[in-house]
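K.L.:
Heads up: the sequence shown begins at 1 in this note's numbering, then just goes up one per residue.
None of these hints come from the bench; they were simulated from the model.
Note that the Cβ used here is the ideal one computed from N, Cα and C, for glycine as well.
Computed beta-carbon distance windows for the label pairs: (1) THR126 x GLY64: 51 to 61 Å; (2) GLN104 x GLU60: 20 to 30 Å; (3) PRO246 x VAL95: 22 to 32 Å.
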Amino acid sequence: GDNVRHGLNRDLAFTDAARTGRPVFVEDMDAYRARYPSSGEATVSLGEGARAALPMRDGERTIGSVVFAWETPRVFDDALRSTLSTIAEMATQSVIRASLTEAQAADAQHSRDLALLAEQLARVTTVDQLATAVVERAPIPVGAMTANIALFEDGPVPAAPLPPFPSGGVDQFGLRALEQDLPGMEAIRDGRAVVLASVEDIRSRFPGRYTEAVTELGATATVHLPLLGADSTPLGAIGFAWRDAPGFSET
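Take these sequences, add in the hints, and give me the full structure.
P.N.:
Structure follows, in structure tokens:
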């Protein structure tokens, strides 16, 4: 049948098994209705007899449940319970394998995205080409909506802004004073990443023009990383913006 979403707080056999990690065996529909009085017609449509729901366990973690429905009452003897447990274990292993396959595919795509970025950066010979590479390829491996780069000079800092910046925002390679209260400039000054993980962070730390521009862009989180030379000399900063704030981690 069609997939239906149920919260674990629903009082049903399969949510009970998923929530508690224990199997549920109910021998007939009268007993089921008595145990789960909030169950509706959708439950009856699966069958008007016995029910069994078994947790899908991955070690100590319950990742779901498998439900079985019969048209008639049924006694759950040891042999039947063992068979149902085996089926639940097989289903669990299938889900785990599918999850691993999806994770491996995502990792492979991530590696390809990084390789394409590295390939484009390797061909860079001008500042314009560097800005283009950052804007076009840098957001992809980290799932950002856009990226920018600021390059340090002895004086104002030329910055390629977060494209597509709102009309009236900063210009391509507009100059920024290193003292300006902007996350990219702070990253260059302090030599540390500036992580703004939410709209609240952005507003509280950089109120005014930056907040207005980022909000108009539709971003909810930004990160600016310093670009440091071999001797920790500041070279500039690279920034990223996300429409949906990610969970930031070391990777």
